[in-house]
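With the hints as a guide, dock the two chains, each given alone in a separate frame, to form the complex.
Residue numbers (numbering that gives the first Met the number 0), protein chains in the order written: chain G, 0 to 68; chain X, 0 to 385.
None of these hints come from the bench; they were simulated from the model.
Ideal Cβ positions, reconstructed from N, Cα and C, are used throughout, including at glycine.
A few of these clues could be false.
Unchecked claim - In silico contact screen, one side only, chain X against chain G (beta carbon under 10 Å); selected entries:
#1 Arg-121
#2 Leu-126
#3 Arg-137
#4 Ala-138
#5 Thr-141
#6 Ala-143
#7 Ser-144
#8 Met-148
#9 Ala-150
#10 Phe-157
#11 Cys-207
#12 Asp-243
#13 Leu-247
#14 Ile-253
#15 Pro-257
#16 Arg-261
Unchecked claim - Just so you have them, the derived chain X footprint on chain G, three or more residues with Cβ under 8 Å:
#17 8-20
#18 24-38
#19 54-64
To be verified - Restricting the straight-line Cα-Cα distance to at most 30 Å, the calculated cross-link-like pairs of lysine-lysine (DSS-like) are:
#20 Lys-250(X) / Lys-66(G)
#21 Lys-196(X) / Lys-185(X)
#22 Lys-185(X) / Lys-31(X)
#23 Lys-66(G) / Lys-185(X)
#24 Lys-265(X) / Lys-230(X)
#25 Lys-230(X) / Lys-31(X)
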Amino acid sequence: MRAGTVYTETVIYSAPEAFVADVPYQTAIVTLDGGGRVTARIAGERVAIGDRVTEVDAREGVPFFRKTS
Amino acid sequence: MRAVAVIGVGKTAFGVLPDRDLRSLAVEAGQKALADAGGAPGQVQSFFLGNFAGPSFTGQNHLAPYISTALGIKDVPATRVEAACASSGSAFYHAWLEVAAGITDIAMAVGVEKMTSQPTPRVTEILAAAGDCTGEIRAGSTFASLFAMIARRHMYEFGTRREDLSAVAVKNHANGALNPEAHMRKVITLEQAMAGKPIAEPLNLYDCSLVSDGAAAVILAPLDRAGEFAKQAVRVLGVAQASDFVALDQKEDITTFPAVRRAGEKACRMAGIQAREVDFAELHDCFTIAEIIATEDLGFVARGEGGRYASAGCTALTGERPVNPSGGLKSKGHPVGATGVAQICELVTQIRGEAGARQVRRHSLGLAENLGGSGATCVVSVLGSV
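Chain X extracted, bound-state conformation (with noise of 0.2 Å):
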């Protein structure tokens, strides 16, 4: 395996933007990738898009070469990659394995989505096919309901507060008011996130992430041909992708994310380090504690003890491990297919301390992890400055 580096970044600001088309939004991201690089788009071997349902959300099937064409990359393999919420991560993790294999030299991996054409009813519906149809969706459970239900669970074996739930949307919306292409620029109080209407029992709108249009896109090369573009290489460690059940009454336990565990324990292993040493996190907080079980998957914490751990402040900007300095789903913005790529954009940025108001004081590793569904897939990648 030769060792790899992203090579370029780039993303649109993620927000309702009923101007912007799909197409539009992953070529003006790849386009901020290669600009970023200094590259062409001749360059670029092969390319992969991560995206959820654009299909259902849009019309448009065959996305990945009526996206690569429109970015001038032509001739090239062309991959859509679907894996729910973790559709980009998983597509990194393609892009990653084919440089690293030494198939590709220059592999640009892009994520999009375009969420907001469609009533709130309709999103809802579009996102719960996710889950398992002949089962927990028939029944009428949402994606909402399905983490509502993980949150239940936690908070009775647990102790886990409601309070805990809303420190990390306090959180987040604090690291996402100082990123300028955040969705949702707002810093609420506990009180405000305590009180946000019921989405699914215990948690309300201030748990739940955004609903938004956004596309984000990063270039891999090998190390050693870093040098050949314009911005410091940031090297890719480690990049693990797992999986689990889809359905939720499948698992043994719903307090925890096997895939998170099994993917975070590999990419960790491959970079050589434990997930303790990471500078910085961004973490998959489609649900407030989707992130709280993460810190505990990966191992930053013990079992059970993640609601504390965000209530006590370790998770914030200037705490002892900065969790979602982005903002994280629930305040820069969840365009489902975009979402992986875009972890990876921020640890890159984060790394090379180019992240302006929002930036982490200690800056040389960092993780991001991928969750999709309700945990039946996850990609965890390990970043670190060369």
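This is chain G alone, in the form it adopts within the complex (with noise of 0.2 Å):
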């Protein structure tokens, strides 16, 4: 699974209608350790940037990122 840095993050509470249900939900670009970003959504434990991030799962070509303990 990938690694990286959380470049910067968001937490949305207004959204997109196929995300209605999900609200409130964080996504962030991460910087990855092989290079380049991805954006991603957060799962789990808010995130801020800098903080290391491990892919956790991906659901339906979305990358799901989660803190790294």
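This is the structure we're talking about:
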């Protein structure tokens, strides 16, 4: 699984139709250890810029990352 | 290249207009621009329509001739331009290009959007399609969330404060309250602006522009023919369009918009000026952070200083360089496809000295910056008195 560092993040309260049931949810842009960035959903605990995160799941092509314990 | 002038402007009121459809809004703006110029539909030789999502919002496609013919403009090229929130800035750019190149004498650029017939989650979804639907949007991003991530990073790197964002909202609401055609003519306090309901942290309701219906139109002519028309001509001194990645996660640095920098530099070079020389500006405040970054990218202030510049009152109506005297997208409203041309209308109105209560003191040189998506398209225009 990929790992990286949170470059930026937000918690969304006003969502598009398909995501209304998930509100509030966190998304982040993660700088991957191998290079490049990806926009991901954050699972579990909220993260902040600079936090280390690890990929834990991929649902319908969307990567989910969680704070590295 | 020929010198080009704006000879007529017209716009509808912006707002929630349940009795108005897309075509009637665009026709009203076009007719007002023709009346302003003292011109007739038969004189228009090329028609450009800026519209972002008419087909999604209303079901109607093939919009350019649908609107031009309703205006009585027949037989001539009628072209729709789509570049997200910069759709009509780009329509203006292309109309200018034809006139400057000598292909067309009289060109009209109209911008229109009819947004309020859909519920908010559907509007949010339609707007999100201006982002990358295979990546960031599939992950649940909204446009507010993309600019929220930009704001977070700007705060982290430069110490921009929550109250700096709110200072932009307070200022634009104060200006919009003086604009009879603004969507939300409501003065707000800094406390109110800081306490809005959360939309995407750190952005709250008062950091977000409005969902509006509306249209705007401008007519362009070669400067040497401007005397044939009714109003004081305003010269188009420089216009430039630039592009960048659609997805935010492909950008090296999200605290700056390279397309704004490039379009700004090119338009100012064409005009023979430095951006700092402009008397006032209409900047694309789709979210408060976007206005702050635009003041940096255009060179009004140094990188990272935009927040403090706004809080210090430098961009207020009575400040050193007023930004968004119209009220901006925040208060005047943001019918997405109409915004770029509406900015040009405001520059012309201000330069002519016809802006009434919101008139800026020095008004011979104005700049408009129209941003598409999270920075993938930008059009910058510099207009001045002849």
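field: Check of the stretch 24-38 of chain G against chain X for coverage (Cβ-Cβ below 8 Å, three residues minimum)
entry: Contact hint for the stretch 24-38 of chain G vs chain X: holds, 7 residues under 8 Å.
- prompt: Is the straight-line distance between the alpha-carbon of Lys-185(X) and that of Lys-31(X) 30 Å or less?
  reply: Holds, at about 26 Å.
field: Hinted contact Leu-126(X) with chain G - closest CB pair below 10 Å
entry: Constraint on Leu-126(X) satisfied, holds at 9 Å.
- request: Hold the hint about Ala-143(X) up to the distance rule: shortest CB distance to chain G must be less than 10 Å.
  value: OK, holds: Ala-143(X) within 10 Å of chain G, min 6 Å.
field: Per-residue hint verdict: Pro-257(X), partner chain G, C-beta under 10 Å
entry: Cβ of Pro-257(X) sits 16 Å from chain G, so the hint is violated.
- request: Would you settle whether the hint for Arg-137(X) is holds or violated, based on the nearest Cβ-Cβ distance to chain G being less than 10 Å?
  value: holds (6 Å)
query: Does Cys-207(X) pass the interface check with chain G, least Cβ-Cβ distance below 10 Å?
result: Result: holds, 9 Å to nearest chain G Cβ.
query: Do the alpha carbons of Lys-230(X) and Lys-31(X) lie within 30 Å of each other, as the hint requires?
result: Holds: Lys-230(X) and Lys-31(X) sit about 13 Å apart, inside 30 Å.
task: Against chain G, run the beta carbon of Ala-150(X) and see if the smallest gap drops under 10 Å.
output: Check passed: Cβ of Ala-150(X) comes within 8 Å of chain G, closer than 10 Å.
field: Hint check: 10 Å Cβ-Cβ cutoff, Phe-157(X) to chain G
entry: Where the cut-off is 10 Å and the nearest Cβ of chain G is about 13 Å from Phe-157(X), the hint is violated.
message: Hint Thr-141(X) vs chain G: min CB-CB distance below 10 Å?
response: With Cβ-Cβ at 6 Å, under 10 Å, it holds.
- prompt: Taking only the CA atoms, is the gap from Lys-265(X) to Lys-230(X) under or equal to 30 Å?
  reply: holds (28 Å)
Consistency with the previously given hints fails for numbers 10, 12, 15, 16, 23, ordered from lowest to highest.
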